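Fit chain B to the known structure of chain A by using the hints.
These protein sequences, in sequence, are chains A and B. When you read off a place in the first sequence, starting at 1, and then add 24, the result is the number in our numbering. When you read off a place in the second sequence, starting at 1, and then add 31, the result is the number in our numbering.
FYI, nobody ran anything at the bench for these hints, they're computed from the structure.
Derived contacts from chain B toward chain A, CB cut-off under 7 Å, selection only:
no.	residue
1	Ser90
2	Pro92
3	Val199
From a predicted model like this one, the values you see are computed outputs, not experimental measurements. Glycine residues also receive a C-beta, built at the ideal position from the N, C-alpha and C atoms.
So you can see what is in the structure, the chains are spelled out below.
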Amino acid sequence: MILLELFAAFFQIALFSVGGGYAAMPLIRNQVVQVHGWMSMSEFADLLTIAEMTPGPIQLNAATFAGMRVAGVSGALCATLGAVTPSLVLVSLLALVYRRYGNLSVIRGTLGYLRPAVVALIASAGLDVLMLVLFDGQRPAIAHLDVLGAALFALALLLLRRFSPIAVMVACGVLSLAAGLLFGAG
Amino acid sequence: MKRKKGAMLVRLFGAMLTISACTFGGGFVIVSLMKRKFVDEYGWLEESEMLDYTAIAQSCPGAIAVNAAILVGWRMGGAAGMIAAVAGTVVPPLAIMMLISACYEAFAANPYVAMVLSGMQAGVAAVLCDVVLSMGRGVLAQRSAVRIAVMAAAFVAVHVLHVGVAQVILGAAALGALLSAAGKGADA
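Isolated chain A, as found in the complex (with noise of 0.2 Å):
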């Protein structure tokens, strides 16, 4: 049963992330989390930071990495098809009315509105990690602030002008393994 669940899961995430990747972060943490407790807020957080670094979309990943970990291979391949099964039926449906209409004011106007509500969502989510990088999970409180984290955060912040994501990231992981070799625990 529990292949059921992951591909409900991953069905439903799919489902209802529309415009690529960072849309279905929220709605991962969600189900993956919230839901169904598969992973702890600092996995899920190693879960976004490896699906940065890795080829592939962020559902795609997030499928396998946690149907890897609740049921092995054949949870990662039930947890795929979820993610897999709405485009197959949405984006064929859709591809039959844009040639018979040529037209998708309606859906461009919906998405419109669509929006906003997804960067609540990001910022929602994002907010979390935050949180988590800030305060190891703790209570917001000037005493449990983690300087280092916060100081990698402001670094990143700032190096995000000029240089990729991936490049940053890199960067923050050197800086935050050295910090911790020098001055004991990170």
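Using the frame of chain A, we list chain B on its own:
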């Protein structure tokens, strides 16, 4: 003829396999690589066709890369083409992530790897912050009170009231469909 189609399917699968294996950074990058391959290199599609496919792929739910692969595959080789293209897109992330997650527990338990990962988490947080700021600025720049209200309401609903993500998406989509059917959303 049959052999020709078989060869085309293999090429389609191979093209999507290499594109998917080499693409970092999400759907928009992959679509432009597909354009280069299928329009410029193979000459299978017209440029305008690829642009239409991109629009449809972005408008549909799901991974943009998968959506685009479905459209190109369907156009080139019917159902068999679709399966070949989607399989090519799916195999690289599946294989790579299987390998990584098999090693993840041993990896994450290693103190040095944990240090690197926790630093990278700070990087991811910054990337997300950057995405939100630039997308949010895009929404604000449209100077539409309704859209800004949708953005604020969605944030409060999810982050404060803990409404489900799917419900928020459905709500915004329903509102958008109503408004654009009423003719107010044509500027989107």
